[in-house]
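> Protein chains in written order, with the numbering used here: chain A, 123 to 460; chain Y, 123 to 460; chain W, 123 to 460; chain F, 123 to 460.
In case anyone wonders, no lab produced these hints; they're calculated from the structure.
Treat each hint with caution, since some may be false.
The list makes no distinction among identical chains, and a pair is therefore deemed to hold if it is satisfied within one copy or across any two copies.
[Stated by the list, open to error] Listed next, the in silico EDC-like pairs over lysine to aspartate or glutamate satisfying Cα-Cα at most 20 angstroms (straight line):
(1) LYS199 with ASP221
(2) LYS157 with GLU342
(3) LYS157 with ASP205
(4) LYS124 with GLU432
(5) LYS250 with GLU348
(6) LYS324 with GLU437
(7) LYS202 with GLU239
(8) LYS202 with GLU245
(9) LYS250 with ASP221
Number of protein chains: 4
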Amino acid sequence: MKRYEVHPSNPAAPLQLASFEPAPLGDAQVAVAIKAVSLNYRDLLVTQNTYFGPIPDGRVPCSDGAGEVVAVGKSVKGLKPGDRVATLFFPDWQSGAPDGTAISGALGAESDGAFTERFISEERGLIKLPDSLSYAEAASLPCAAVTAWNALFEVGDLKPGQTVLLQGTGGVSIFGLQFAKAAGARVIITSSDDAKLARARKLGADHGINYKTNPAWEQEVLRLTEGLGVDVVLEVGGPGTLERSLMSVKIGGRIAYIGVLTGLAAQANPVMLIPKSASIHGIFVGSRAMFAAMLDAIAAHGIHPVVDREFPFAEAPAAFAHMRSGGHFGKIVIRVGS
Amino acid sequence: MKRYEVHPSNPAAPLQLASFEPAPLGDAQVAVAIKAVSLNYRDLLVTQNTYFGPIPDGRVPCSDGAGEVVAVGKSVKGLKPGDRVATLFFPDWQSGAPDGTAISGALGAESDGAFTERFISEERGLIKLPDSLSYAEAASLPCAAVTAWNALFEVGDLKPGQTVLLQGTGGVSIFGLQFAKAAGARVIITSSDDAKLARARKLGADHGINYKTNPAWEQEVLRLTEGLGVDVVLEVGGPGTLERSLMSVKIGGRIAYIGVLTGLAAQANPVMLIPKSASIHGIFVGSRAMFAAMLDAIAAHGIHPVVDREFPFAEAPAAFAHMRSGGHFGKIVIRVGS
Amino acid sequence: MKRYEVHPSNPAAPLQLASFEPAPLGDAQVAVAIKAVSLNYRDLLVTQNTYFGPIPDGRVPCSDGAGEVVAVGKSVKGLKPGDRVATLFFPDWQSGAPDGTAISGALGAESDGAFTERFISEERGLIKLPDSLSYAEAASLPCAAVTAWNALFEVGDLKPGQTVLLQGTGGVSIFGLQFAKAAGARVIITSSDDAKLARARKLGADHGINYKTNPAWEQEVLRLTEGLGVDVVLEVGGPGTLERSLMSVKIGGRIAYIGVLTGLAAQANPVMLIPKSASIHGIFVGSRAMFAAMLDAIAAHGIHPVVDREFPFAEAPAAFAHMRSGGHFGKIVIRVGS
Amino acid sequence: MKRYEVHPSNPAAPLQLASFEPAPLGDAQVAVAIKAVSLNYRDLLVTQNTYFGPIPDGRVPCSDGAGEVVAVGKSVKGLKPGDRVATLFFPDWQSGAPDGTAISGALGAESDGAFTERFISEERGLIKLPDSLSYAEAASLPCAAVTAWNALFEVGDLKPGQTVLLQGTGGVSIFGLQFAKAAGARVIITSSDDAKLARARKLGADHGINYKTNPAWEQEVLRLTEGLGVDVVLEVGGPGTLERSLMSVKIGGRIAYIGVLTGLAAQANPVMLIPKSASIHGIFVGSRAMFAAMLDAIAAHGIHPVVDREFPFAEAPAAFAHMRSGGHFGKIVIRVGS
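Here chain A stands alone, though its shape is the one from the complex:
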């Protein structure tokens, strides 16, 4: 069988295709024939060993996979061969608030990920899929979509008629757009590209702001909200955009702090938190319970993840390069297997 491995110690070939023999299945384990994975910005950081923890050579990357159950251990009760499943980013974060146990073992970093023809998992690390989603669509969900859900509904407590600010058109932002509209909220989205803004408006965005032609975009956000600011920001830029996000959020508003696109080392002045009684919440993906609630909404609303482009298994490096270029709209998917 084939899988991809990362070799951070080898910058010339950080991503390598390898053959392997699957380990024998434990009593409580499930074997999945992965059909598709999707990429996240953190997968790039993993190949460069610039993610939160050190990555050993040989680690299988990617948190996000979807496939078909092909075998189950004898004590597995909730899954059977033929079931369609997706992976959980954190197999041990089932519900409630996170703790050290819950967020250990993240796929594709602390433990081997889904970029493999045969993925072995404890039963609790997989979730059943609704029929409405293809494998490529389902592979888009575990990291970016659960993150957007957590940001909007756990942390953001979004209600109909409120306003959400989204930054850019990457995976988290486009899921944020789809979920916020399903929840009856108003959406303002930024991009450097008018064509992408037009596409976002087709998906339901109420307002688009080109942050290249309008670098003081927070002023436009305030104008669009009668000077009040938005209720929730999905901050994917990181420190480089945080101060503008703080200007854009209303009194008592919430910033879901998700991304580090402007770098892990950048800094920001958070003083505006005080007069605004605002808050910033670190979002580290989410729990199985959030994933399940999100699947209910996806099924109820007929939501289909926006797949920017699908690459064949052999072209993984090209897919990673496409992620690095930042030119995508929605999710980048790689088919797995033949």
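Got chain A; can you put chains Y, W and F on it based on the hints?
This is chains Y, W and F only, laid out in the frame that chain A set:
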């Protein structure tokens, strides 16, 4: 000027038209030319003196009014003549959790209500209306719509993809239907009348259950939710339906306890609360902050309250009789003034 | 080895001592030499088959046990022989809100309980004990103490300076007293016995009310709270006391609905929920996360559970009879093993 | 009558004593003979015009005052001459979440403050005091104590057995210490002065860390919490200490962002928010409802604010200089009137 007064001590004529001279306007007060009021079931109880507290003869009934500001006291800052406003059910419940001060002075019971050509209020007891609402529509909001909003979003914490159970097609339930759909939830509604169920489906209800032909309607609710039950119930029936609502709600679900249609003295067995970890929350209308959030959603979604029927000012008794008959779908409105 | 079994089909001998051979240990399982169990009112209901679900003959009773780990399966990571542990009431409710999976498998009802010399459990069904607790004390915790914790801090959201109402001096109420005082709250407790009230005051209760000599005890509660009512009620009586609890709770207050001492079939009139904006929350014990938070407080405050009386293993029927008599103050414990 | 005024345009004499004639009392207003004020760090910023908004010359400083009601307007219901009251920092933030209206009109910045012999206020801008507090003690509360209460119990959701990290021994930190101990929490406090740490331990602090001799104090915090970190941080330093606070907080923990002692322009790297799922909450004092809840706890626990030093009315500049020196422990109070 004319207004209606209730005389609970006179069962033969509990509702009487009367002439009056408005009191002089205080510095912080606002005079409103009321254009429309709407009726709630509690207004019936008030005329019978069977509402929570004793009602003095001569009390002006109705919590729900909308009209035009005609004069303001010299220290009023936020309103001016010509502004279109609605009344607050509780003028002193501005935001946050209720306390004894907040819920004293309810219009049409503890203090004189809106069923008058000239309503005098402190500025904080009025809220500005969006242009999209007519006076008849706006007069539908202060009690029933704020109650439904409180139930779904403060107490119910409703998220897209969740399921709400609504009972009957009175004002609270129809607002509940409109708001729940705006929030991306699934709606199950009950009625004794298939025509009303059809009408509710046109407004977006996903499922209708005729509780006359299907008296064990909680079984149908469970069937429609794959045995799990609903996330939120808007309980308007009271003790007589509470046990079925407890059967209908999912583990961890919430029952917003709103109504007493089955009587103030009825009883229920709440034991199912325990194995379900469910909760019952008394809903006593809501605050100005909830009203404002609701108006944002109404404006953003272009929601129009469903007005069952409008009566002229002189035909108030007929309007009360129509409320008593229970035949309405949505809100009963009475025009005020000539 | 020995264990107790319930035989609900045999009312003459519903509790029987039996010999058994422990099953072989699975990879993820842990064997515990139970040293003590404690009784809860529900254990009585189980022997009478009047608890929520049907109980098969031969079921090992008791949710509450504490003992020493004697063997662990090869994939167990967090426990080792010699560790001191207690059982979880719900082995699968680890954290967050409950769902159907979390609350299946309750010990001593849906699955075999702790009243056995050798208890076999998945690792996640056990929790490590602080050194400060004896086995008898620790065996008091899994049901009653976690219930009280959930009621006060998850549902009740208790803050220092607030007031709690406790009913009677059974296990839940006495834990409620200890935890509420640790949290800086004021405690009012009821009992039919002045000696028990005096004992409760020694444990920190601020006020005691004898509900025999003062049957309208809610009036005394209102007097003690300047007419405002208490913030949180731990309702252990059930429908028979619920209406008085609703009179006793303040506007916006919360009733943790725990007990059914007045019967599973009794009824109550919940109408006062509405003008009070109060809520009733079914409490079904709690999660591992709540148990862990509670152990932190127990360790930090040097709290020792109040053990009413310890019975030897052979005298289990006498212990159950003592529970039935209602004469206890705190927890009834039975030593297990020789 | 006498009052102090700030003149930011005159750096040589930014604080000046002035005579004035009180304005006539409005119908809904209350006149208070102020007996004491307390200083906060923001009062220093106000005299320098480096606080959030511009300060006009002649503004009366100080948010924190306590005194005796000497006259009430004719529509005032809840206060009468002789009542002992304190000022609210935000007269219009009565309860619930803040909005633009609630946080306009802050005393001593947006509106005239309490540093005057005769303070005129709307009734809602004053709160009655328990008998247990002297005027000097009560004058300590409106800003620092309400801030600490908001941080610990609204934002921090503190429970018994949890751990709080406090920074320094200024007013907010010492109130945080007293309230956290009343709530049964464990307290770690930092200072540059071992004598102050010893004094904090006498007030109940469980651990003291001298950040001068132990500059990597976050390592000591982790050691004291078995590597887990604290539940809540009251961050008064600002950007200069925020990164260490982020290292000190547990997974899912909360940082109450209160202070700017390290400067309004400083920056921090918030990236650790993400892997910790932690949050930072701007704290802008709090509402009347928080003040009232705090007074309940103060009365129930017999808490007395720690007054560092009292200055006579004429020595206000010395009091401000003492605040600037940072040498205080608890609150600096100035007596008002003769």
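> Now, for every hint given, state plainly whether the structure supports it.
Hints, one by one, checked against the model:
1. LYS199 with ASP221: Answer is between; shortest inter-copy Cα gap is 17 angstroms, intra-copy 26 angstroms.
2. LYS157 with GLU342: neither (43 angstroms within a copy, 38 angstroms between copies)
3. LYS157 with ASP205: within (13 angstroms within a copy, 44 angstroms between copies)
4. LYS124 with GLU432: Answer is within; shortest intra-copy Cα gap is 19 angstroms, inter-copy 62 angstroms.
5. LYS250 with GLU348: between (43 angstroms within a copy, 16 angstroms between copies)
6. LYS324 with GLU437: neither (30 angstroms within a copy, 49 angstroms between copies)
7. LYS202 with GLU239: Cα proximity of LYS202 and GLU239: one copy only (18 angstroms, versus 36 angstroms across).
8. LYS202 with GLU245: within (10 angstroms within a copy, 24 angstroms between copies)
9. LYS250 with ASP221: Answer is between: at 17 angstroms across copies they meet the 20 angstroms cutoff, but 24 angstroms inside does not.
In terms of the numbered hints stated before, the structure departs from hints 2, 6, listed from lowest to highest.
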